[in-house]
Amino acid sequence: MSYLIEGKTGTWEIVVGLEVHAQIISQSKLFSGASTKFGGEPNSQVSLVDAAFPGMLPVINRECVAQAVRTGLGLNARINLQSRFDRKNYFYADLPQGYQISQFEHPIVGEGSIEIELANGETRQIGITRLHMEQDAGKLLHDQDPTRSFVDLNRSGVALMEIVSEPDIRAPEEAGAYLRKLRQILRYLGTCDGNMDEGSMRADVNVSVRKAGEPFRTRCEIKNVNSIRFVMQAIEAEAARQVEIWENGGEVDQETRLFDPSRGETRTMRSKEDAHDYRYFPDPDLLPLVIEQAWVDGLKAELPELPDAKRARFQADYGVPFYDAGVLVAEQSVADFFETVAKGRDGKLAVTWVTGDLFAALNRTSRTIENSPVSADSLGKMLDLIADGTINGKIAKEVFEDMVETGESPDAIVEKKGLRQVTDTGVIDSAIDAIMAKHADKVAEYRSGKDKLFGFFVGQVMKETKGKANPALVNEALKGKLDA
Amino acid sequence: MSLDLATTRRIAKLARIGLADAELETVRQKLDGILGWFNQLSEVDVEGVPPMVGTEMEALRQREDVVTDGNCQAAVLSNAPEKSGPFYAVPKVVE
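Those protein sequences? They're chains A and B, same order as listed.
At position 361 of the first sequence the residue is numbered 361 (the numbering used here), and the sequence of numbers has no breaks.
At position 93 of the second sequence the residue is numbered 93 (the numbering used here), and the sequence of numbers has no breaks.
It is worth saying that the hints were derived from the structure and are not from the lab.
Cβ coordinates follow ideal geometry from the N, Cα and C atoms, glycine included.
There may be inaccurate statements among the hints.
Said to hold, decoys possible - A few chain A residues that face chain B, going by a derived Cβ cut-off under 8 Å, partial list only:
no.: 1; residue: Ser44
no.: 2; residue: Leu289
no.: 3; residue: Gln293
no.: 4; residue: Val296
no.: 5; residue: Asn363
no.: 6; residue: Arg367
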């Protein structure tokens, strides 16, 4: 799906690459034993390493390395058995060391790719350049005091993965699809919770524009965008700004910008005079990180099934259509719920109930799949009742609504309300006889060729039996009697 | 190669060291001397020699993912030039 900007001088395309910072899920920090829990008392989850006291030495957390490797594997990326940590030097109040320990020249993960899917069903591969580990900074509070900023170092030293894409993205929609897919993969892997509103995943967006066939022009980096919607808006606003500059004979300056969602525009963050000169050099406190191929293989063997594979399996094993399979695997909890319902049952029926009636019920009751009023087991049992003919599809809707309301099991509801399907042909026959006697005129019309009235008779018989008659038996018996 | 005054000023700024104009030339000369001394290293031919990362061929020591540290707010804040409640307090920084 191409996104083009029509300017005064012609058509422009946009070139976008994303740097995503994803907080690694771990108990303790990347280089210290302090807790990573969110929302603790300020400066309580800080070790003397995190506060950069003199003489403190960083020791790397093995699980953080494992999480980075798992993520690399999930992105079909090359794992570098040797990587190294560097110091990225800059001065800021949220960075007690005066440098961030990061991986510059030798990241732990190299090239990979992500397949994204667009609204029109098209798919595209977006290249991953690299993934490296680094420390998060502390948090500054600016609104507590008129002249001072307050510093909380609880987040200082928490492990981050910076995941850098190739400049392969050509539309705001693609950027959105990329972020959603990346977040989905991270969540499946359990390596990052992906909560953008808590800041555990945030994006720096590199944007430039060019005319068809041109090499890349100067790009600007929009820092720290914290929602997928804002990323898409920021790209649109920034691309429009750059087109205007070029078309008026100006030059786009390579600079760092901020997106202001309330005004829908980007603005300069730092003047060029203060442009960063990070003076990277290998951290002398840390030897190169060397990992074994066998260890990587072990992590690979234990990876959970990822969304693309799960989607393909749902199609193959349960006969779920491609689109529906995508809806089911969007969240792991939904996929698990579906699979519990579908296992050993009619997969197509299961997907209809999960994405139809269940989703509607969740919406209506403002619940999520995790605290669904109907458990996967109960919904499965209800499908069993349909399959063995205890209830028909129409009655099932009634049973389901009752399940949503009362949380009772489907068989209890069927018994309580007497909803068992009528399969006694004697009962059905007498209902048909009564209806035919009541509507003798319609019977005559039907017999003189008005076939369409058949549906009317089915409806009447179902009504007579309060919806409980087995529809197949009703059809068969009706045909016999009307055509007699 | 000789260090110029503009570069000296820039290095001082990056290092957050305030230099009066009068001091600048002295610092420039000292830094220039240090750089010149270290630059002798570039006379060594290291073509094809991999960078040495340490004197021991030991791998990086790793620790288990367990919370063993933290909960020492008072110690952490003990060196703060200025604090307010549980926070370090610094001159206001706003982007």
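We went through each hint and held it up to the structure:
1. Ser44: 5 Å, holds
2. Leu289: 5 Å, holds
3. Gln293: 14 Å, violated
4. Val296: 14 Å, violated
5. Asn363: 38 Å, violated
6. Arg367: For arginine 367 (chain A), the interface hint is violated, since the closest Cβ of chain B sits about 33 Å away, which is over 8 Å.
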